[in-house]
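2 protein chains.
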Amino acid sequence: MGRKNAFYGQSGGVTAVINASACGVLQTARQHAEEIGKVYAGRNGIVGALTEDLIDTSIESEAAIGALRHTPGAAFGSCRYKLKSIHEHRAQYERLIEVFRAHDIGFFFYNGGGDSLDTAFKVSQMGAELAYPIVCVGIPKTVDNDLPITDCSPGFGSLAKYVATSLREAAFDVAAMCSTSTKVFALEVMGRHAGWAAAACALAEPGGGGSYVLLLPEVTFDEERFLSKVEQAIERDGYCVIAMSEGVRGPDGEFLSASRLKDAFGHTQLGGVAPVITSLISMKLGVRCHWAIVDYLQRSARHIASETDVQHAYAVGRAAVEFAIAGRNAVMPAIRRLSDAPYRWDIIEAPLSKVANQEQLVPPDFISADGFGITEAARRYLAPLIVGEAYPPFRDGLPDYVKLQNLPTKKLTKEFTV
Amino acid sequence: MGRKNAFYGQSGGVTAVINASACGVLQTARQHAEEIGKVYAGRNGIVGALTEDLIDTSIESEAAIGALRHTPGAAFGSCRYKLKSIHEHRAQYERLIEVFRAHDIGFFFYNGGGDSLDTAFKVSQMGAELAYPIVCVGIPKTVDNDLPITDCSPGFGSLAKYVATSLREAAFDVAAMCSTSTKVFALEVMGRHAGWAAAACALAEPGGGGSYVLLLPEVTFDEERFLSKVEQAIERDGYCVIAMSEGVRGPDGEFLSASRLKDAFGHTQLGGVAPVITSLISMKLGVRCHWAIVDYLQRSARHIASETDVQHAYAVGRAAVEFAIAGRNAVMPAIRRLSDAPYRWDIIEAPLSKVANQEQLVPPDFISADGFGITEAARRYLAPLIVGEAYPPFRDGLPDYVKLQNLPTKKLTKEFTV
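These protein sequences, in sequence, are chains A and B.
Per the working numbering, the very first residue in the first sequence carries number 349; after that it's consecutive.
Per the working numbering, the very first residue in the second sequence carries number 349; after that it's consecutive.
Next up, chain A with everything else stripped away, as it sits in the complex (with noise of 0.2 Å):
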């Protein structure tokens, strides 16, 4: 294959370091001039493909490029939009393959999580399927850490030092207040189906004695045991510390979040478990609690992103380069861990068949026996990922971060709308 150009695509919610895999792809590909030549950036990932909505980056400065490095969000805007297979809707894929062809478009890389990874496994496909020559890699990213695989998904470290750091800084707080005031405090953090971000918890508590209570979505929710377990840590220390992920679950199987609350107009709420949580033990505890949602923080906070997690970050942008220009289609970069302490890892190669659609759970040997904390087997896991701290820029005391120019390229064939 000669020199092509390359769409890259950012897809799913967003994290702390995904501009930081762009930066890796961008950078390397520039260093590749020979076998790449531009880059284009589908505008809101493959929405940008399908409507030809693409951004030239080669306009940028190395300065703007560099600076996604330390930039949240997802710099060339991000989607929901999963891309069926091509024998259920073709003439999507056709439609690819006319933006592709008419800007002359020969790699394809695709920076998403689970259902993202789907997208770039199903445009692999194209090339045997309808002749049109591809190499497509994929990109993992996802706070959720639940890609198979890999050793753990970049954006995750950055999230999981966010919520230890806030929870250990409330438990300070609430440390102070107990003696005549509040006595609980609750941190609900991400997590629908994995409870990785509520384990990462635990790493706050001084010393890891487990004095931390944890609600898991891998744990079905007892309310007694709860409680019991609550007011131990109130007896013992003067107060207690909650991390739960959003995804907690009753014996019924139902999610415990709010909503099942009702505003005073009878309209469901957009809620939280913290909130139902926190009520039932004021309730049945008599104790004063508080609680936090930090929802977008969590993801976005790159003002504490963890330096390990940029390094795998860029370190996944830059390989899917260098194993596009191997030839290398339908593959992803897997971060492979050598050694726990001290910590080493590695890139590899995973096929993109085996990681689309799957989910990796918190395995049960990482959850402590009475199901509210973790086991030294998980801190191992967990602890090199949040090291190291990988501050921005500020000006006039805030973080300096990038906004590309993205200005639109040319459109070269019809209106198409998706």
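Hints listed in this document are in silico derivations from the structure and should not be mistaken for laboratory results.
There could be a bad hint or two in this list.
The list cannot tell twin chains apart, which means a pair is met if one copy fits it or any two copies do.
Within a straight-line C-alpha distance of at most 16 Å, the following computed EDC-like cross-link-like pairs (lysine to aspartate or glutamate) qualify [claimed, not checked]: (1) K751 to D585; (2) K352 to D688; (3) K751 to E553; (4) K352 to D499.
Dock chain B against chain A, hints included.
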């Protein structure tokens, strides 16, 4: 007055930097060993004085005292406990005198907000009214930034930096997602009566164009005008970012917060205003919203503290000791602004009688004409307060905060309960 021991108490809700004030008090007292003997900290503020639960700070190492400068929470425990007047509750003051006399305490430092400074003022009157000579100095602290005379309140600058950083990061997130998913992100911040925290969020907006929408308690919530403002932002930018004070009120004067919510059991929920407002937006504008309530995290986030704020907090602690040694009773060090840019400030003396039980709201000339933003005057005031990063040391990927030994001093008086 010969050499005397001192009492130091922390009171009210904690901040990211109240321990920096403690550090200023303790380090400065140690430098004046000829005037000040031991510094006893009250365990949980004035409660520790009443119950004779005194912590001998002299056994703490220089390193531990120094580490208070970067540690959130309240190292000696805080309290929500307000003394009645001497005439209403003379027995409490006689008890204080009993404890102070037993431990040869001649200096009283009390570190807190409006209510706590009221307590400090009352204690300062004991010399005249009960013939116990004591020099009493208040030390300002409150994330609410609502104290009079002082240009700002230590604790607020760090909260402001945290909420503005968080909102900027969340704005990058929603900007990336808005094309196919969430279009509105709302952050609820502290401020029951004064909207300083929400006002500070406006600093996050790149360019400061006023497209962030603020809801302040100083401005009555007007549903129609608010929805129209949000709709305009979505039309123009594709998304809207909202910062709201917990104390936003409707035209009926009632809080909009989710205290109106009932859970499935009919119990009132501990709630916030963010779910109520975003539910309204979803219903009326038909767009997907996300929200966060950061609660204690915002006043404990020492990892993203403002260096200016840390300097203020330390300086008022140091000045309090200097005022006390000079025999200045019933005063408080206050921050005086000398210029906005370059930002210059010094410390002046304020009478406690004029500080207690006051509440400084965001003034009308700081609020934009439409009520949803801030003016240039507000920006000039707020901007210097968040400048500078004062990162704590990290160990194993998490902030390395100090826990003091906090050993109890031998009791010399009979038991007393509050």
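Right, here's what the structure says about each hint:
{"no.": "1", "hint": "K751 to D585", "verdict": "between (46 Å within a copy, 14 Å between copies)"}
{"no.": "2", "hint": "K352 to D688", "verdict": "neither (40 Å within a copy, 54 Å between copies)"}
{"no.": "3", "hint": "K751 to E553", "verdict": "between (37 Å within a copy, 12 Å between copies)"}
{"no.": "4", "hint": "K352 to D499", "verdict": "neither (32 Å within a copy, 61 Å between copies)"}
In terms of the numbered hints stated before, the structure departs from hints 2, 4, listed from lowest to highest.
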